[in-house]
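Quick note, the sequences are listed as chains A and B, same order.
Residues 1 to 305 in the UniProt record's numbering are what the first sequence spells out, letter by letter.
Residues 1 to 305 in the UniProt record's numbering are what the second sequence spells out, letter by letter.
Derived from the structure by calculation, the hints contain no laboratory data.
Please read these numbers as outputs of a predicted model, since none were measured by experiment.
Among the hints, a few may not be true.
Which copy is meant is left open, because identical chains are indistinguishable; a pair holds if it fits in one copy or across any two.
Here are the simulated lysine to aspartate or glutamate pairs, DMTMM-like style, with alpha carbons at most 20 Å apart [to be verified]:
hint: 1; residue 1: LYS197; residue 2: GLU139
hint: 2; residue 1: LYS137; residue 2: ASP149
hint: 3; residue 1: LYS300; residue 2: ASP251
hint: 4; residue 1: LYS281; residue 2: GLU215
hint: 5; residue 1: LYS144; residue 2: GLU199
hint: 6; residue 1: LYS240; residue 2: GLU292
hint: 7; residue 1: LYS144; residue 2: ASP29
hint: 8; residue 1: LYS197; residue 2: ASP149
hint: 9; residue 1: LYS240; residue 2: GLU199
hint: 10; residue 1: LYS197; residue 2: GLU215
hint: 11; residue 1: LYS237; residue 2: GLU83
hint: 12; residue 1: LYS136; residue 2: GLU199
hint: 13; residue 1: LYS137; residue 2: ASP196
hint: 14; residue 1: LYS281; residue 2: GLU217
hint: 15; residue 1: LYS137; residue 2: GLU199
Protein chains: 2
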Amino acid sequence: MEADGKQAPLLTDAAGLINDVDTFLFDVDGVIWRGGKVIEGVAETLDMLRDMGKKLLFVTNNSTRSRKMFQEKFRSLGLAISEEEVFSSSFAAAGYLQSIGFPADKKVYVVGEEGIQQELEQAGIQYLGGPEDGEKKVEMGSGKNLEIDPNVGAVVVGFDHHINYYKMTYATLCIRTNPGCIFIATNCDSVAHFTDKQEWPAGGTMVGSIRVSSETEPIVVGKPSTFMMDYLANKFKISKSKMCMVGDRLDTDILFGQAGGCKTLLVLSGVTDLKSLHSPKNTIHPDFYTNELPDLLAAKRGAAA
Amino acid sequence: MEADGKQAPLLTDAAGLINDVDTFLFDVDGVIWRGGKVIEGVAETLDMLRDMGKKLLFVTNNSTRSRKMFQEKFRSLGLAISEEEVFSSSFAAAGYLQSIGFPADKKVYVVGEEGIQQELEQAGIQYLGGPEDGEKKVEMGSGKNLEIDPNVGAVVVGFDHHINYYKMTYATLCIRTNPGCIFIATNCDSVAHFTDKQEWPAGGTMVGSIRVSSETEPIVVGKPSTFMMDYLANKFKISKSKMCMVGDRLDTDILFGQAGGCKTLLVLSGVTDLKSLHSPKNTIHPDFYTNELPDLLAAKRGAAA
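Whole structure, please, built from the sequences with the hints as guidance.
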């Protein structure tokens, strides 16, 4: 759609799109649920796609939960999925460290929440920081010194609603002074709907601060980086051209799908409205857009007619 | 020095430089004092320059102190200066707001420390936030709402060692949702010597986070922005070509001097060493460099000889 400057078309042939796709990747917030409630018709849509033999994967930049915690959240909302169907940026951070053979004797310093720690734990990677450092302070003043663990070989930064100067300083010193220490960002989202009423600072806020103080560009593992896409394509041996990314954000979800060579479907049930999609300032054009995920049920109605 | 790619020369004719200059602008940390102690010979150097009729101004990106607090710090170290000789980025923030005619019924939300608040107070500008919000929390969860004052017309962000998610969220909501609200950064320094032992995250760290979450570029009033230089040149009616900026940092002090059209003198008594000055990667070349400020005393010895 970019080449000729035309705008993304409304999805009119749901059956055709489903037919062309083996695997659907779904963003979660604004696609599956909104303001803590499942969007009406989503359960039926997922059932239909499974019945048609499609593989379903849920890909979220939210790093505060682990895959297991996400599975429980889905279950609490009446949606049955398996842990293996969820790909969170917390999992991606652990997956990235495994993919580069992160040494067993090295540790990760975490600026973030429980989800990252659970995924590191499951991957057998040692860590410190996180919620435990939430109340720590740096003593200011001449002659003070903050001792850091010389075995920290990576700093993982994600959303952290207990961010403080201690964590910023510890993370910065690790990146700047521990030889070879890498800086991983779960995602760079500016804001997110932690509440349905307002947009609050998201993971990119914590990343933005440490990017400045460390003078280092992070390795981003969440959307729109293609790390997760490559990981999934590789793990499940799926051709990316037979994948469709469904999301509510142009700058993460749709860009992620396009960067990976997938089909892309924007839903208007989250942060992007029709006005911003069609704004002349918008340069990201999905293959199709539709109001909400249950619009795919038209394929079933078409088949039944 | 940039044009021909030549490296900055060592200052050999102190008397000649002093003769060409009416006003000396000094950075403070790493130039006047280091690790909480005045560099030996600095008091004598300042006395000599005053005796020769030179105007002296102290220009610092440190926003945690007001001019009055800096004056007290100088006094505690045995250096007598007047409040009017100090230009801190806390003062620059208040000065900028005055220069644009910030409305009397509007308020400033402060992410920073006491210095900014004292300067706003002295400028008669209403403010909220700052140290008072150091222990506040944002309640997470669906349906939550953080109410912000609709009269906040500017957010000033500087170094804040009590930075937290509450301040980040409050500041972000003001910038994103209060019509016309501006975003002012006292400085963008990545790290600073709050201790002589390590480099810790500085004001740019807090600015970097809110730059991401607000999706807004700040107006920077500290070095290397020329706001303070223009302010000083205007206030004291000094030609910039008769000013010399003396500092220990290439990316703030020397860039600041060059951007303002001043002469520039790098001292090696702070963060920049000879190796980084002469590194092929360095693109910022001062007019001269010398080991430390008291090297200017050579002018006196020369005159006496």
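We went through each hint and held it up to the structure:
| no. | hint | verdict |
| --- | --- | --- |
| 1 | LYS197 / GLU139 | between (37 Å within a copy, 13 Å between copies) |
| 2 | LYS137 / ASP149 | within (17 Å within a copy, 29 Å between copies) |
| 3 | LYS300 / ASP251 | neither (31 Å within a copy, 62 Å between copies) |
| 4 | LYS281 / GLU215 | between (30 Å within a copy, 15 Å between copies) |
| 5 | LYS144 / GLU199 | between (38 Å within a copy, 11 Å between copies) |
| 6 | LYS240 / GLU292 | neither (23 Å within a copy, 61 Å between copies) |
| 7 | LYS144 / ASP29 | between (44 Å within a copy, 16 Å between copies) |
| 8 | LYS197 / ASP149 | between (41 Å within a copy, 16 Å between copies) |
| 9 | LYS240 / GLU199 | neither (32 Å within a copy, 45 Å between copies) |
| 10 | LYS197 / GLU215 | between (35 Å within a copy, 19 Å between copies) |
| 11 | LYS237 / GLU83 | within (19 Å within a copy, 70 Å between copies) |
| 12 | LYS136 / GLU199 | between (28 Å within a copy, 19 Å between copies) |
| 13 | LYS137 / ASP196 | between (32 Å within a copy, 18 Å between copies) |
| 14 | LYS281 / GLU217 | between (27 Å within a copy, 18 Å between copies) |
| 15 | LYS137 / GLU199 | between (28 Å within a copy, 16 Å between copies) |
Checked against the numbered hints listed earlier, the structure breaks hints 3, 6 and 9; every other hint is satisfied.
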